[in-house]
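Peer 1: So the chains spell out like this:
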Amino acid sequence: MPGTRGAVPVPLHTNGGQRDLTEEILEAVDQHEHVPTAEAFPSTPQDKIKAALDRLASRQMVEYETHDKEEVHLTEEGQAIADEGSHEYKVWDAVRKAGRLSLKDPSLVNASAKLGQGNAFKLKWIKKDGDALVSLTDSVSDTTRQQLQHAQEHRAFQDPKLLKDYSKRKLVNTQKVIAYVARKGPRWAKEMPVEVTDLTAELIADGSWKTANFKPYNFKAKGTLGGEGVGGGTGALHPLNKVREEFRKIFFNMGFEEMPTARFVDSGFWNFDALYVPQQHPARDLQDTFYVSDPPEAGPPGADESMDIVLAEMDVDDDQDESDHPSSDPATRAKETTAKLDYQAYYDNVRAVHQDGKYGSIGYRYPYTDAETRRLVLRTHTTAISAYVLHRLSADPRPCRYFSIDRVFRNETVDATHLAEFHQIEGVIADYNLTLGGLQAFLKRFFRNIGVPDLKFKPAYNPYTEPSMEVFAWHEGLNKIVEIGNSGMFRPEMLLAMGLPEDLRVYGFGLSLERPTMIKYGISNIRELLGHKVDLGFIESNPAVRLDRE
Amino acid sequence: MPTIGVNKADLYKALGKEYTKQEFEELCFDFGIELDEDTSDSKRPIVDGVEEAPQLKIEIPANRYDMLCFEGIAMNLNIFLGRESMPNFTLEPPPNGQLQTVTVSQDTERIRPYFSAAILRNIHFTKARYESFIALQDKLHQNLARQRTLVAIGTHDLDTIEGPFTYEALPPEEIQFAPLNQTKAMNGKQMMDFYEKDKHLSRYLPIIRDSPVYPIIYDKNRTVLSMPPIINSNHSKITLQTRNVFIDITATDKTKLELTNHILVSMFSRYCSEPFTIEPVQIISPHNSQTRQTPDLTPRHTSASVSYINSICGLSSSPSTLCTSLARMCYDATPSPTDPDTLSISIPVTRADVLHQADIMEDAAVAYGFNALPRHFPRTTAFTAAALPLNKLADILRLEAAMAGWVEVMPLILCSHDENYAWLNHPSPPANAKPVRLQNPKTAEYQIVRTSLIPGLLKTIRENKRHAVPMKIFEVSDVVFQDLGRERRARNERHFAACWYGKTSGFEQVHGLLDRVVGMLRGTFVAGGEGKVGAKGGLGYWIEEVEGRIFSRVMVLVVKALLMLEEIDPTYLPGHSAAIYIRQTPSSPAKRIGTFGILHPTVLKKFELPFPGSVLEMDVEVFL
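If you read the protein sequences in the order shown, they are chains C and F. Reminder that position 35 of the first sequence reads as 35 in the numbering used here, one-by-one numbering, no gaps. Reminder that position 22 of the second sequence reads as 22 in the numbering used here, one-by-one numbering, no gaps.
Fair warning: there could be bad hints in the mix.
[Unchecked claim] Label-pair distances were calculated between CB atoms; the ranges are:
| no. | chain 1 | residue 1 | chain 2 | residue 2 | range |
| --- | --- | --- | --- | --- | --- |
| 1 | C | P501 | F | K127 | 54 to 60 Å |
| 2 | C | P399 | F | K21 | 42 to 48 Å |
| 3 | F | N221 | C | E502 | 55 to 61 Å |
| 4 | F | E92 | C | Q344 | 47 to 53 Å |
Derived from the structure by calculation, the hints contain no laboratory data. Owing to the predicted nature of the structure, the values given are computational and were not obtained by experimental measurement. The beta-carbon is built from N, C-alpha and C at its ideal position, and this holds for glycine as well.
Isolated chain C, as found in the complex:
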């Protein structure tokens, strides 16, 4: 039977001693050259016959042809005519028997009698005589009845043109019928051979595989993974993490170092002030940012030893020999870097550039408050980490590339496109004499890797970058360009306060992980992608992510 696969024995008798349909077919084919199955097995459903034929045909024991034909069936009314005669015949017959039949006779008032009356007039079988009907002939030929009787017997009209007329009169309808005609195949045998379903260790051991009949494989069914459950017992990675992994690979290919972003709680200083976001900026509103009530406030900005050690550990300069490095231990190197940094001076610079202006900037000119810098927030962007990393870079300014992909938090009202949490993809490139067009060229290269070829750049505002550019790309589905990311060059007020040299310029760019994923996979509700409401079936069946190939 189709669908039965794997190492199960094939039973030759499935119905407990009774003859199997395949055997009956073999018997019939043995006796007749052509076996029309509908006639040979009139009471067996067609699908059963088909299954048995397929089983035999797959072994080339029999061959069969399929015939589709339309059969004519009489409707209830058509059957009545075939049995009792047409309406006109019945009217004529009544008139003839009565000799003269009043128009008011009850046998003439129903609808079919009225129809029959009209036809009988046309055929000149009867005529009107005053208020009664009289017969014009002694015998008639009831063609309608004859044609329907023929159709009933042969399941077709003698003249195929009649079908349309009778169908229209709702006396017949047609049904599609599939019939098979079976005959002997190239490997004809009157009996089913004994078959094995699979190659087993025993068959190999005793050599019987050489003579065994293998059950043909059904190549039309799907395979199985063998485990339990819908997914066949396989594990799966989360789709969003699969996309994240693609982005990470792109960053690694382009020489980026991954920033230590395992720090959801940050201070107003690092999340905002260090990025030259003024203390009254709307982004710092309770409406937009999650503030922390417990613990109450952050300490003054300083070195984070655990982060520093990781940064030192990753920062292996290929060009340098071990001997050039006086201390190869990351913890020691981290301390050496920290020793070159003055966090208090940095804090004072940030205050000055906000409040009074510095580094050629007139500043925001407002009273800068320490309390605002101490407020703890759930980071609204991973740029808080970038600020920390860039400040550390000032201990040893040099070209470098950093990236991160991690969770950020916004006090949003949750809807189809907004969650209070999402992932930010962020890249930072520091180098000498970078240009704005260079950032565009880089972003084109970056986005080409995820299969987004054409970008347009729109001037935008962002407190910590100048120039700032929004990145737009063509959206096939929406038939217009849509924003896919943000970018810019960090402001001198931010970088010079850190102590970085003036000619070391820094690109920053970012996008959410969820948005391109939703666009790529046509997901309209972010809750179907992140959070506990995501469907496990979706996770299990989501295909591999190949952004450059899709």
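Since the structure of chain C is provided, determine the placement of chain F on it from the hints.
Peer 2: Same frame as chain C, now just chain F:
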């Protein structure tokens, strides 16, 4: 970003061209604003029986206060298109030379210390201009003025009042006037009650409500002009017929005070019979050295470096070419006669967003066209990529768990306090593992940052109850604990957690997953392993039974003492949970890194789960 609605026909008329939607979108794109919506083809609100004329809703960058109204958008685009040049704003004293004066009382320092003012003479309002004037004040109040906390504006028909004026701060009971659109006079306290339920004004009341004195502006006859930042008086309100407008501005921030004045007069002085002239007002405020004439409309003079602009834009434009470009962005720029690398630049008062020559450089790039800039990205240095060790470790765990047949999930990091504690039968957090608590969440779903991955796993199962069982899910992600020794007073900790849910408890499967992932990290199981390490002195791990009965906090201590049990974890069914221990080297101490076990039926009930299940959670940072 603020969105400004402008009359489409009027704007195209002002720009001298009937734009197609695409053409206008492109103009906006090049300039750096965004056409959000064109209401031509949508249903528009009907006011007084007339359908509103088609509007363009335009998104303006948050720092462009000079584009918060029709007049500013039209002016900036016209200058950008080269159809207009930046107007010169001039101060024009009245014919008799006597400036209006406002004397600021020192008492205002107690509530709202700074004052500024200006007069627009012989202004001609139309309905559209009048509405734009009101709307601009509203936009400034919302954006720049941070909901009137920093700055508040009052506008008055000067012909209904008489200078000199005074700005004072008085106890609310002593203030008495009929507020805007009211006929009945009230005192300050009564006004607070009166506007308590007002949808629009109630949100501003807290700015002054509890202060012993309220700010108040009087004319020479003690007629009230306004009680900032709440309401103007009805007496001096402006109408379409008003010809002379007195603008009062009060603030707690000096910079934004003057900026607000500049924006108002620069946008609307164009409608004065002598366009772009403003009558200054003398402010007398000696106590805080703020005696001066306002507004001061002198452009800010600065310089910018030609090589700086060219270098960042990747251009080699001549100084005069740059000056022409900058003129399209409102600057008056001229090459310095003495230094070929210097541009001498005047920044009009409207461009308060310009802080540094970086801003001038960006405007030069905008005028040139962002998408026309030469796109050259030099490869100067070879960079070495590096993956974060913590993420590499997490990836090993994720891949091993998935290969073992478990499905990765990503629940949210914020959760309610109950989900994280009470629902797991943990009455309250121990002192050494307190959660980070949020101050201002919008829903009760987000009260704390999770300290355990378990609630997210159980919620995921709850939402997937229609999925076939068993479900086997895992997550490798961060939890957060308070850590007062650190600058941010908190620390992330990377955890690995898994949950089996089905018709049987799955205890052995969860245990098997633990063995698998720790084994893949070269950990060796050392049964009853207290004191032992793994093969060749490597990492060894073992598990010990954990008591799972639910006790009160005091009882926990008693039971611990009696049973001499290391830990009690009521999340689990008693006798069916274990703590996971590791020892990294023979000399390092044993460390408890997590637990696993059969979920207590009461926990299952809390998460609405009818079948049994087992969970595992451990800190993975020891494997770094």
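Peer 1: Evaluate the given range 47 to 53 Å for the C-beta pair formed by E92/F and Q344/C.
Peer 2: With a Cβ separation near 51 Å, E92/F and Q344/C satisfy 47 to 53 Å, so the hint holds.
Peer 1: A range of 55 to 61 Å was offered for this pair. Does it hold for the Cβ distance of N221/F and E502/C?
Peer 2: 59 Å, holds
Peer 1: Against the range 54 to 60 Å, how does the distance between the Cβ atoms of P501/C and K127/F compare: consistent or not?
Peer 2: Roughly 57 Å apart at Cβ, these two residues keep to the hinted range, so it holds.
Peer 1: CB of P399/C to CB of K21/F, is that within 42 to 48 Å?
Peer 2: With Cβ atoms ~44 Å apart, the hint holds.
The structure agrees with every numbered hint stated previously.
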